[in-house]
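Q: Sequence:
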Amino acid sequence: MSTMTAPDVTLTASAAKRINAILAKQDGVDYLRVSVEGGGCSGFSYKFDFDTAAKEDDRVIERDGAKVLIDEMSMEFLAGSEIDFTTELIGAAFKINNPNATAACGCGTSFSI
Numbered sequence: 022m023s024t025m026t027a028p029d030v031t032l033t034a035s036a037a038k039r040i041n042a043i044l045a046k047q048d049g050v051d052y053l054r055v056s057v058e059g060g061g062c063s064g065f066s067y068k069f070d071f072d073t074a075a076k077e078d079d080r081v082i083e084r085d086g087a088k089v090l091i092d093e094m095s096m097e098f099l100a101g102s103e104i105d106f107t108t109e110l111i112g113a114a115f116k117i118n119n120p121n122a123t124a125a126c127g128c129g130t131s132f133s134i
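All residue numbers for the sequence shown refer to my numbering, where the first residue is 22 and numbers rise by one.
Calculated from the structure, these hints are not laboratory results. Careful, some of the hints might be misleading.
Said to hold, decoys possible - Okay, the calculated beta carbon distance ranges per label pair:
1. T123 with V50: 32 to 38 angstroms
2. G59 with D85: 28 to 34 angstroms
3. T33 with N121: 28 to 34 angstroms
What the hints assert, rightly or not - Calculated lysine to aspartate or glutamate pairs in the EDC-like style (CA-CA distance at most 20 angstroms, straight line):
4. K116 with D92
5. K38 with D70
6. K68 with E83
7. K38 with E83
8. K88 with E109
9. K38 with E97
10. K46 with D29
11. K88 with D48
12. K116 with D105
13. K38 with E58
14. K88 with E103
15. K68 with D78
16. K76 with D105
17. K88 with D72
18. K116 with D29
19. K38 with E93
20. K38 with E103
21. K76 with E93
22. K76 with E58
23. K68 with E58
24. K116 with E58
25. K116 with D48
26. K46 with D78
27. K46 with E58
28. K68 with D29
Positions of the beta carbon are idealized from the N, C-alpha and C atoms, including for glycine.
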């Protein structure tokens, strides 16, 4: 039986810059945590939180000093994804480009597999 490793999640330079700017204003917070939860209009939704330490089952994604935590369960849904930060006319937000998602809703935070 062979074990396969999931493709890594990556951060764009824009996302790393924004994460560093946000974390610089948060006292004692070193990480942005990205997770997947059941719910949302398409079945699953992305959740963004702050955290002070990595847990045993966390994967740490780093770029340009920015650190993102993703737990093992969420990593299954996010494998191969790119975390980006976009600025558009309607506002600025983190966006996850997830190759595993078969459908997404208009809000951009909900998806299905």
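Q: Does D105 sit within 20 angstroms of K76, going by the straight-line distance between their CA atoms?
A: Distance of about 24 angstroms is beyond 20 angstroms: violated.
Q: Keeping to a limit of 20 angstroms between CA atoms, is the pair of K88 and D48 held or broken?
A: Holds, because 15 angstroms separates the two Cα atoms, which is no more than 20 angstroms.
Q: What's the verdict on K116 and D29, does the C-alpha distance respect the 20 angstroms limit or exceed it?
A: 16 angstroms, holds
Q: Do the beta carbons of G59 and D85 sit within 28 to 34 angstroms of each other?
A: 32 angstroms, holds
Q: That 28 to 34 angstroms hint for T33 and N121 (C-beta), does it hold up?
A: 18 angstroms, violated
Q: Just to be careful, I want the Cα atoms of K116 and E58 compared with a cutoff of 20 angstroms; is the pair within it?
A: 16 angstroms, holds
Q: Would you check the hint for K116 and D48, treating anything up to 20 angstroms between C-alpha atoms as holding?
A: With a Cα-Cα distance of about 25 angstroms, the restraint between K116 and D48 is violated, given a limit of 20 angstroms.
Q: Check the hint pairing K68 with D29 against an upper bound of 20 angstroms on the C-alpha distance.
A: It holds: about 18 angstroms lies between the C-alpha atoms, which stays within 20 angstroms.
Q: Between the alpha carbons of K68 and E83, is the straight-line distance 20 angstroms or under?
A: Roughly 18 angstroms separates the two Cα atoms, so the pair holds.
Q: Quickly compare the C-alpha distance for K68 and E58 to 20 angstroms and report which way the hint goes.
A: 7 angstroms, holds
Q: Going straight from one Cα to the other, do K38 and D70 come out at no more than 20 angstroms?
A: Between K38 and D70 the Cα gap is close to 17 angstroms, so the pair holds against 20 angstroms.
Q: Quickly compare the C-alpha distance for K116 and D92 to 20 angstroms and report which way the hint goes.
A: Satisfied, since the Cα-Cα distance of roughly 18 angstroms is no more than 20 angstroms.
Against the hints set out earlier in the document, violations occur for numbers 3, 8, 9, 10, 13, 16, 19, 25, 26 and 27.
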